[in-house]
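Colleague: Quick note: the sequence shown uses this note's numbering, first residue 954, plus one each step.
Think of the hints as simulated: they come from the structure by calculation, not from any bench. Do not take every clue at face value.
Claimed, not checked - Label-pair restraints from in silico Cβ distances: (1) D1077 with S1045: 15 to 25 Å; (2) E1055 with D987: 31 to 41 Å; (3) K964 with E1055: 30 to 40 Å; (4) K964 with R1016: 11 to 21 Å.
Because the structure is a prediction, the values reported are computed rather than measured. Using N, Cα and C, we set each Cβ at its ideal position, and we do this for glycine too.
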Amino acid sequence: MTLTSADVPTKRPTVLVADDEAALTDSMAVWLSDDYRVRTAYDGHEAVSAFGPSVDVVLLDRRMPGLSGERVLERLREAEANAQVALLTATSVEEFGPEVAELGFDAHLTKPISRDELLDAVSDLASASEPPQH
954 MTLTSADVPT KRPTVLVADD EAALTDSMAV WLSDDYRVRT AYDGHEAVSA
1004 FGPSVDVVLL DRRMPGLSGE RVLERLREAE ANAQVALLTA TSVEEFGPEV
1054 AELGFDAHLT KPISRDELLD AVSDLASASE PPQH
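Go ahead and model the full structure; you've got the sequences and the hints to work with.
Modeller: Structure (structure tokens):
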């Protein structure tokens, strides 16, 4: 018997959605849930707690109460997390100060974001987080 790629179970990537706008967070989680395992967090502290080694992609709001997206990203980088991180903002990347750009996020997504834009961005990020095939 020959196995095809359809016969081999694939690991669904895990996405952490962290945004203090609960309706947006929940909408993004629903949009992603068909193709990904999804964790949600509604502030920066929850994002740090929800993160773990199985998380492949993080969608991180820049402005959250308690612990900002920048501080969460700093903590992930200090922990040498391998996840791909997209910063969610209501502003363009040109409006960031150099300290934000230096944090090393992998993508920038501007809110409001459409379902298709989100799915395309997460697909690209999830592909980038996969280890190379040997």
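Colleague: Hint by hint, say whether it matches the structure.
Modeller: A quick look at each hint next to the structure:
{"no.": "1", "hint": "D1077 with S1045: 15 to 25 Å", "in the structure": "holds (19 Å)"}
{"no.": "2", "hint": "E1055 with D987: 31 to 41 Å", "in the structure": "holds (35 Å)"}
{"no.": "3", "hint": "K964 with E1055: 30 to 40 Å", "in the structure": "holds (32 Å)"}
{"no.": "4", "hint": "K964 with R1016: 11 to 21 Å", "in the structure": "violated (32 Å)"}
Hint 4 from the list above is the single one not met by this structure.
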